[in-house]
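Protein chains in written order, with this note's numbering: chain V, 1 to 233; chain A, 1 to 89; chain D, 1 to 89; chain F, 1 to 771.
Everything labelled a hint here was simulated from the structure, so no lab data went into it.
Note that the structure is predicted; figures quoted are calculated from it, not measured.
Here a beta-carbon is modelled for each residue, glycine too, at the ideal position from N, C-alpha and C.
The reader is advised that the hints may include incorrect statements.
[Stated by the list, open to error] Computed spacing ranges between beta-carbons, pair by pair:
no.	chain 1	residue 1	chain 2	residue 2	range
1	A	Leu31	V	Asp73	50 to 60 Å
2	F	Ala413	D	Asp38	55 to 65 Å
3	F	Ser43	V	Trp32	50 to 60 Å
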Amino acid sequence: MNVAIITFPGSNCDQDCHRSVELAGGSPRYVWHRETSLGGAEAVIVPGGFAHGDYLRPGAIARFSPIMDAVADFARAGGLIVGICNGFQVLCEAGLLPGALLRNESLCFQSHHCRMRVERSDTAFTAGYREGQVLGIPLSHADGNYFADPDTLAALEAERRVVFRYCDARGDASPDANPNGSLNNIAGIVNARGNVLGMMPHPDRAIEAVLGSVDGLPLFESLIGALARAEVA
Amino acid sequence: MSQFTVEVLVTPRPGLLDPQGKAIHHALSSLGYDAVADVRVGKAIYLEVAAASPDDAVERAEEMCRKLLANPVTEDFHVTAAAADRALP
Amino acid sequence: MSQFTVEVLVTPRPGLLDPQGKAIHHALSSLGYDAVADVRVGKAIYLEVAAASPDDAVERAEEMCRKLLANPVTEDFHVTAAAADRALP
Amino acid sequence: MPGPPAGNGGAPAGDSTAAPAPPRPRPGDPPITPELVDDHGLSPDEYAQVRRILGREPTFTELGVFSAMWSEHCGYKNSKRLLRLLPTQAPWVIQGPGENAGVIDVGGGWALAFKIESHNHPSAVEPYQGAATGIGGILRDVFTMGARPVATLNSLHFGDLDRPRVRYLFGGVVKGIGDYGNCVGIPSTGGEVYFDRGYEDNPIVNAMCLGLMRTDELIRGTAEGVGNTLMAVGARTGRDGIHGATFASEELSEGDDEASRPQVQVGDPFTEKLLLEASLELIASGHIVGIQDMGAAGLTSSGVEMAGRSGTGVEMDVALVPVREEGMTPYEILLSESQERMLVVAAAGNEDAVREILEKWELEAETIGRVTATGSFRVLEGGIAVADIPALPLTEGCPTYERHGAEGDEVRALREMDIAPYVEPPAGLEDAFLRVVGSPNVASKQWVYEQYDTTVRGNSVERPGGDAGVIRIPGTARGVAASTDCNGRHTYLNPRRGAMGAVAEAARNVACTGAVPMAVTNCLNFGSPLKPHIQHQFREAVLGMRDACAYLETPVTGGNVSFYNETDGKAVYPTPVIGMIGVIDDVEAVVRHAFRDPGDPIFLLGASTGELGGSEYLYVLHGLVAGEPPPVDLAAERALQRCILAMAQLRLLKSAHDVAGGGLAATLTECCLGRPRTGRSVGANVRFTDPLPDADLLFGEDHGRVVATCAPADEERLRRLAADYGVPCERIGTVTGPGAPLEIETESSALRLEAETLRDRYYGVIPEIMN
Ligand SMILES: Nc1ncnc2c1ncn2[C@@H]1O[C@H](COP(=O)(O)OP(=O)(O)O)[C@@H](O)[C@H]1O
Ligand SMILES: [Mg+2]
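Use the sequences and the hints to build the structure in full.
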């Protein structure tokens, strides 16, 4: 299961994603942003970090990297893509996901564990979770405040495209559980077709018990599982 | 072709929550500046650009805004050929 | 007293490194905008402020700049009573 | 933006057998007057020595070079002799003091490079950029050794938070550290923050970095091989921080902000990230023989030091250095402290290969000179000599001074003051308890460390919030622990004890996680070394550090001295910050500070003596900085730490937490509250039979103590082990249920502290002040 991990100058979670894919049984491969082909990858991860320093706006410069045309083609062809943190920002800037990620309401960089609720277990990315399951995983960003215009937001909710929502220990998506001001406590969404996922928290940092959580691993296992099923089919 | 300094102002779209503006407003209030009713924060980008005329310079900059400098989901932009006293800092 | 919209432009002091400007310049170049010779990035702050006159509004805003809005060590500021088309976004 | 000028005569002049032309003054150079010499921080005697070394008058450019190299910052003229007293050797030390960073063998074929550095002065002027560039500098010191940075720590000391200026500095520094380190993608694993009026005008901002490499990947900052090529790599040179090295060596005076403006350097963490990746790739490529950060005194110190270390010379042409601004003079180019730059020595013929690697990372590399056999630091401008100085005297020939000084009267009076009248809590024990726990010094630093990325790159086993951070060595089970410590109040009252205490506490913090303390880096933050009472403080602190490091077998592999932390004659507390490194074989065995399960017995290991001198208690309740700070019994400290390590190795411990600032009150609170967000708090039932007065017992900051728990079934084994190590071990209580109160009974009082109350105090105070 060949998974491309796109690395931009300034990416710094590429290694975390690499290890996550490995632990989930896939074969990760780094793809440098200047390349123009995904080299036969069956899925794509756009990792976290500060592509181009996040100068101007997070993801704004990265979306013009040569590889992004191939990523867009891959998305159009229905390929599975996961953008985590900065990767989510890049996908939004590239128009592969709707909305934008604004500065955290606190105006501070925030790095801590958060809880999020799995809203759907019927996506290629979340089959390994139960619907309503509460995950504890780290987040780490300055610009994670999800925004979309009212129509887009309504569509996201109506089409059940919100996949993860910040919540408290009991699973309530309360305002207190919202770390950054995201509309509707949104932590992760998919595109209309359901093949592109973007999320701010870091499943790639929750893959080993010794580091505090394994709640992120099923996401990568789900992804690899979906690829395996596609292959059989 | 001559050189122009173009001022690009990128501002949060109306209605959009502006946490920076809110924070500054709050800080100003606590410093006693009660006369301030609202604050919005955007970016000021100065481009030194070669163009045929001021209009041409503005046009080029507007294209850059649509492509890169502003995010259409959240930001508006306003471009002017900057006055001399606002030349590239 | 009436309401004024004041535009405050805060820019990095000359000579100081402006990493944002550098990155944007680089990005514009690689998008093919070769006509751009330099880029500097600052902040645009819009204040809605009650004052006796445009001059009074500017004066008040300048005081806020000295106190809070600009960092005197690294930034310069420039205040104008904004034109209508640049009213508070 | 100007690039390197064309048609400047190309590379430096080739070899010729005739003696090279001596440098001449450039048009526009100011004449060398006694005032100018004085402005450059050189005494008349030192200037005479400059003339002896050169055999002539220096040019203005040369004066600048001497001034920078013989500044306190580069030359260590007031500290070098004393620093020689520090223990620096052990079988596991690969690189001791003198390089960009110290290096130790951490086992399994891995080496750890680590170093701490100050950015106090820049942070006082511009907290955000000052702190950011401090992180940038310390990262470069580590990755130029060939090591990949894996963690940072920071030690911060500020004035009291009721001052708006202090809040501004604190907020800016934390944001600066966070924004820079987060962008580069290096997790922060720990640090400390102190607040005390002793730091009101002069914050202490020290940054530490840890980096890992295979033991055979070490590269040094040398300029070996005559004919090899000098290349300037990374960001362009601007007029930033010209004479920063001298600036860092001078006292700040009121109203300096204006004058200091041009010296502010702006950090570019994105370029740093590229430089980090490019440098590691360069080093691995074998195309280069040496690399060094252009840090303090930029191109000058890097060129001179690289030549000095290898006994070669260097020749460079400043006209070839890529610059950011037009019309820069050789003086400015040589002394600029623009950030994110490196000096690289490429093996001759490999220049293109070097350039190719840098291009991949979108960075520039320009040939600016070469390594010579002349032993001199020769600088040209478009082929014309502007400086030519023997390299070795610039480094080794820096005049050094050793002064003994004497204790200040004011501090002696405070130290000798009778604190007995202040021991009784004025408004009862519970009030005192809550005020100590709610003091910003004791309270959680969550507000700080949640602005730092603590989990990036997936190896953070123990994040900030415990005793020491622990980072796993990628791909192994092995881990490295690190802690920074210095209680400035203790070092103020008694620098020798305070410094010993800092070493002891740092080692104890590391040992509490189950890691064996191995080595130390230190950052010595003091006032003006020209003042007798500061000389005394410095000497005493170094001696205390020497004794403790020798006894605990944690040699010093490097560090940094920052003098002149004064404003208008008022110096900071002497602040010798200790950065301690430890190693643990298996990170699965890491011990954490939080109590875990109801029913677990709680032990106090080590003896209580009730030391309230210099305590948080006296400061918070009485505004006092007085009394003798806690003594350090090195033998007892070592026994305690070895005992804890043995217990950890046998996996007997369910928790361990050291006792330090705020005493047992702070320790027990933290043990009960556990970690913010993920942890759940538990209660405890504690009963002391010790006859010490309540305040001594609960708030005393006696060294050599740890609060530990184990499973009920392991109680006897734990007691026996403690006895084997000769460590006092008293069962003081039992862990109770989630959300239960902390109940404490002493011979004379009983306290019941609700979990909610403790949580509000401990977590609430700093956010409340800062938001
Ligand atoms: N500036 C900081 N940066 C990162 N972590 C910090 C900082 N200050 C404190 N911490 C973390 O908070 C915890 C408590 O710090 P401190 O009170 O100094 O503990 P101790 O007294 O045990 O050394 C430690 O884990 C420490 O690493
Ligand atoms: Mg400490």
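So, going through the hints one by one against the coordinates:
In this structure the supplied range 50 to 60 Å holds for leucine 31 of chain A paired with aspartate 73 of chain V, their Cβ-Cβ distance being about 53 Å. Between alanine 413 of chain F and aspartate 38 of chain D the Cβ separation comes to about 60 Å, which falls inside the hinted range of 55 to 65 Å. Taking the beta carbon of each, serine 43 of chain F and tryptophan 32 of chain V are about 55 Å apart, inside 50 to 60 Å as hinted.
Consistency note: the structure conflicts with none of the earlier hints.
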